[in-house]
Amino acid sequence: MVVRVVSLTCALAALVATVPAVADAAGSCPEQPTAPVFAPWGDGAQYKLAPDGGFEAGASGWSLHDGAAVQDGNEPFQVGGDADGSSLSLPAGAEATSPPECIDLAHPTIRLFGRDDGGALSTLHVSVQIRTLLGWTSLPVGALGAGAQWQPTAPVHVLVNLLSLLGGGQQVRFAFAATGGDWAIDDVYVDPYSKG
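If you're matching positions, the sequence shown starts at 844 in this note's numbering and goes up one per residue.
These are calculated hints, taken from the structure and not from any lab test. One or more hints might be untrue.
EDC-like cross-link-like pairs, simulated, lysine to aspartate or glutamate; straight-line CA separation at most 20 Å [to be verified]:
no.: 1; residue 1: Lys891; residue 2: Glu874
no.: 2; residue 1: Lys891; residue 2: Asp925
no.: 3; residue 1: Lys891; residue 2: Asp927
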């Protein structure tokens, strides 16, 4: 199984390397302002905030299920600004899905802040939902752990962006599901230019 995954990844990487003109000709996502928000944690990549990724507009455009809700209290590092005061509560079994946004070959990772009250077995599952001709298709891209205190998560690599070769920018949504314990997340960011 591992050999197949590695082979598929290598084949897709080779495809990307041999057809950059196709991706450029097909179009890409609009350029947006970025900042190295995770630099204090050794990550110099330039990130942009996902749509209402700080939950300051009440999770506008997000789809919340099974107890997911905006709550008072921000991650303490205030990377989105000193005025930020909200985060998203994800009790065990809850799920939240972001509004659609455009990613292309330049979008390699997403990263966010998380807090987990469920102990070692609690996990935040991350999926990317891709809009296809048949509707939305969900692909798991990571499983995160955290502690009881707010901290930045590990970067989650979004290999699904290779599918954008089929037609330039690709509309996607990010889904977060808590299992085994209660989570809080905040400041969901996308690295749009792979400069890290």
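Hints versus structure:
A hinted pair counts as satisfied when its Cα atoms are at most 20 Å apart, and Lys891 with Glu874 qualifies at roughly 10 Å. Taking the CA atoms of Lys891 and Asp925, the gap is near 17 Å; set against the 20 Å cutoff, the hint holds. Restraint check: the Cα-Cα separation between Lys891 and Asp927 comes to about 16 Å, which is no more than 20 Å; the hinted pair holds.
When each numbered hint is compared with the structure, no violation occurs for any of them.
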